[in-house]
Amino acid sequence: MPNTIPVVENILSANDQIATQTRAQLDRDGVLAINVMASPGGGKTSVILKTIEALHDQVRIGVMDGDIVPLDLEKIAELGIPVSLINTGGNCHLDANMVHGALPSLQLDALDLLIIENVGNLICPAAFKLGTHLNIVIASVPEGDDKPYKYPAMFKGADVLLLNKMDLCEYQDFNVDYFRHGVEVLNPGLAFFPISCRTGEGFDAWLDWLRDRVTQRSSVG
Amino acid sequence: MHELGVTQSLLDIALHHGRQAGAARINELNLVVGELSSIVDDSVQFYWDMLSEGTIAQGARLNFKRVPAELHCHDCEHRFPLNHQEYVCPMCGSANLTVSGGEEFFLESIDVDLDET
Chain A
2 MPNTIPVVEN ILSANDQIAT QTRAQLDRDG VLAINVMASP GGGKTSVILK TIEALHDQVR
62 IGVMDGDIVP LDLEKIAELG IPVSLINTGG NCHLDANMVH GALPSLQLDA LDLLIIENVG
122 NLICPAAFKL GTHLNIVIAS VPEGDDKPYK YPAMFKGADV LLLNKMDLCE YQDFNVDYFR
182 HGVEVLNPGL AFFPISCRTG EGFDAWLDWL RDRVTQRSSV G
Chain B
12 MHELGVTQSL LDIALHHGRQ AGAARINELN LVVGELSSIV DDSVQFYWDM LSEGTIAQGA
72 RLNFKRVPAE LHCHDCEHRF PLNHQEYVCP MCGSANLTVS GGEEFFLESI DVDLDET
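Residue numbers (the working numbering), protein chains in the order written: chain A, 2 to 222; chain B, 12 to 128.
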């Protein structure tokens with residue numbers, strides 16, 4: 002006889018359970034973990050490099066990178082930062098299992114900040130929790146001001162938004178107000194920093210914000 | 012783009028609940044999928060037909076209940092579906108809006124044949 006069995010289970014619940022385990026481990030070791038997401042070419046690696054250069058005297062940083070080649074990680078390792086490559090084999094996003102599996106490759110209790118560079122993509126990474134504390138989304142001026150309208154899930158789930166390559170504004174028809182309005186509807190009050198990795202514009206405010214988050218985390222741990 | 016992994020998770024959940032209920036066959040899966048969750052129905056069905064082979068859920072039908080994302084105007088209380096061009100209230104022109112819904116992504120229920128039949 003036919004029967005309907007109620008289920009009501011999130012389809013990504015297996016991923017979310019692993020993310021919860023990762024979060025517990027990070028909290029035990031007192032590490033603030035951030036998930037950096039952007040389009041390919043939006044400036045993830047440049048932002049990470051510049052952030053490390055500015056903070057690594059005060060903050061113990063490690064980096065995990067989801068990529069198919071270790072090019073970006075080599076740049077980061079040259080700064081003397083512990084790094085871990087998650088070879089995504091062309092996958093469209095990192096998931097909780099990949100990150101959890103890579104945790105033993107870093108000495109977490111010797112870190113204050115773990116930066117996880119996700120796969121360049123504005124769609125898929127938004128759906129997969131990693132167990133990180135904060136989602137950092139980087140948009141950039143050449144991508145156009147319509148990105149919050151085309152990829153609402155990514156902007157809705159952000160904890161901080163960087164708008165990179167502000168130095169190119171004068172060459173592009175990028176309407177910052179239109180961009181910000183889209184973001185504000187999706188994610189009211191979202192922390193927003195217009196920056197340029199090339200000129201350094203806006204970086205101090207972003208660094209202050211991040212430094213504060215790391216300090217709060219450390220004082221909790 | 013990641014429908015293969017998602018479909019595997021879906022199969023695991025359906026089989027778990029089916030077995031728990033003592034099902035001989037799983038005939039249908041009722042899914043609730045929000046507009047913002049970027050899942051392609053046809054692609055999930057395609058992988059489903061491959062992955063479910065040889066299980067009690069082989070050939071089951073996937074029913075997708077789509078949930079739109081909605082904008083809510085705080086000035087005139089009008090609610091309307093999110094379009095992907097501009098976020099402005101079509102009734103009063105206000106930009107004082109927030110979005111709700113559209114992120115659902117869960118298996119609501121399964122239709123099964125129980126063992127005794």
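It cannot be assumed that every hint is accurate.
As the list claims (entries may be wrong) - Derived EDC-like pairs (lysine to aspartate or glutamate); straight-line CA-CA distance at most 20 Å: (1) A:LYS157 - B:GLU46; (2) A:LYS157 - B:GLU114; (3) A:LYS157 - B:GLU97; (4) A:LYS157 - A:GLU171; (5) A:LYS157 - B:GLU115; (6) B:LYS76 - B:GLU97; (7) A:LYS51 - A:ASP213; (8) A:LYS151 - B:GLU81; (9) B:LYS76 - A:GLU10; (10) A:LYS151 - B:GLU97; (11) A:LYS157 - B:ASP23; (12) A:LYS151 - B:GLU115; (13) A:LYS151 - B:GLU46; (14) A:LYS151 - B:ASP86.
Everything labelled a hint here was simulated from the structure, so no lab data went into it.
Here is how each hint holds up against the structure:
no.	hint	in the structure
1	A:LYS157 - B:GLU46	holds, 13 Å
2	A:LYS157 - B:GLU114	holds, 10 Å
3	A:LYS157 - B:GLU97	holds, 15 Å
4	A:LYS157 - A:GLU171	violated, 28 Å
5	A:LYS157 - B:GLU115	holds, 14 Å
6	B:LYS76 - B:GLU97	violated, 26 Å
7	A:LYS51 - A:ASP213	holds, 17 Å
8	A:LYS151 - B:GLU81	holds, 15 Å
9	B:LYS76 - A:GLU10	holds, 15 Å
10	A:LYS151 - B:GLU97	holds, 10 Å
11	A:LYS157 - B:ASP23	violated, 29 Å
12	A:LYS151 - B:GLU115	holds, 18 Å
13	A:LYS151 - B:GLU46	holds, 12 Å
14	A:LYS151 - B:ASP86	violated, 25 Å
Figure legend: structure checked against the earlier numbered hints; hints not met, in rising order: 4, 6, 11 and 14.
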